[in-house]
Amino acid sequence: MRISTWAIGSAVSAWGAAAAAQQGVVAGELVVEPPTLISLGFEWYIEGDADRDAAVAVAYRRAGEREWRESLPLLRVQNERTYYVETLYYTAPNMFAGSVFELEEDTDYEVRFTLTDPDGVGGEAQRAVSVRTRAEPQPFSGGNTYHVYPFGYEGPKQEPAFTGLLAAYYKNALGGDWSRAAPPRVQPGDTILVHAGEYKDFDRFSYSHEIRTQYGTCCATPWDGTFYLTQDGTAERPIAIRAAGDGEAIFDGDGNNVLFNLMGADHTYFEGITFRNTNLAIEAGQKSIAGAV
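The number in our numbering is simply the position in the sequence shown, starting from 1, with 5 added.
Worth flagging that the hints you see were computed from the coordinates, not collected in a lab.
Please read all numbers here as calculations on a predicted model, not as lab measurements.
Some hints here could point you the wrong way.
[Claimed, not checked] So the derived label-pair ranges between C-beta atoms look like this: (1) T150 to E72: 45 to 51 Å; (2) V134 to G290: 24 to 30 Å; (3) A68 to A97: 30 to 36 Å; (4) R66 to R86: 35 to 41 Å.
Ideal Cβ positions, reconstructed from N, Cα and C, are used throughout, including at glycine.
Hey, can you work out the whole structure from these sequences and the hints?
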């Protein structure tokens with residue numbers, strides 16, 4: 006009987022120790038998400054905390070500052086499920102997640118995380134990381150500059166001048182199934198200045214030779230009316246498409262679905278351009294197909 010009592014007591018003690026271990030939290034990997042201009046995102050993976058009473062306090066400061074500022078605590082998530090019919094299933098792992106908001110762009114920050122749990126903390130309970138917010142992309146000042154004017158414009162022009170965007174972007178602008186036959190003219194760091202006016206494909210349903218015969222020039226899109234841009238810039242030298250500053254530069258999709266397709270062109274910079282009369286102004290990616298940076 007003494008042996009049985011000891012065995013039962015040992016089993017209960019072992020179960021209690023295991024339960025206590027599950028109630029306590031063990032710190033795991035801390036993941037820093039890609040920063041935005043004014044916010045930073047984090048994920049801290051954990052083990053245990055079956056009773057979900059652990060917490061993570063967050064503080065931050067600019068690099069070089071002495072005082073810490075309190076931020077929102079990380080959110081506790083575990084086993085929450087996202088699903089849609091039979092196409093999407095996702096179960097949240099055992100973790101904390103959250104962001105620090107309202108920061109300054111292109112600035113170094115220190116962020117401190119403190120993990121607590123009434124049932125005990127295993128591993129490193131406090132972490133600190135240094136992260137820099139993103140800088141707003143800017144056009145490169147040392148590249149070539151091309152001037153674009155709308156169809157029918159007859160006033161003075163700055164050179165080199167082109168009629169329509171695609172005539173400047175590519176070495177020749179052909180419509181229909183010839184729309185991207187010519188290689189790109191623009192290179193990383195180049196700027197296209199779009200002068201005031203409405204840019205609307207005058208006849209996207211004609212073949213390029215028909216347009217050439219009738220109008221003497223062709224700067225057309227394919228039959229879907231989409232501007233397909235395919236030349237890569239770089240983070241330091243994007244390809245810039247900017248309003249020239251002499252009035253509103255308007256790209257009118259004429260009721261089409263996509264106005265600009267950038268799935269084949271990384272680091273394209275737009276500034277001051279008006280998009281209208283289209284379902285989707287810029288398409289930069291399709292899941293499992295293609296995507297741009």
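Now the hints, each set against the structure:
no.	hint	verdict
1	T150 to E72: 45 to 51 Å	47 Å, holds
2	V134 to G290: 24 to 30 Å	29 Å, holds
3	A68 to A97: 30 to 36 Å	32 Å, holds
4	R66 to R86: 35 to 41 Å	37 Å, holds
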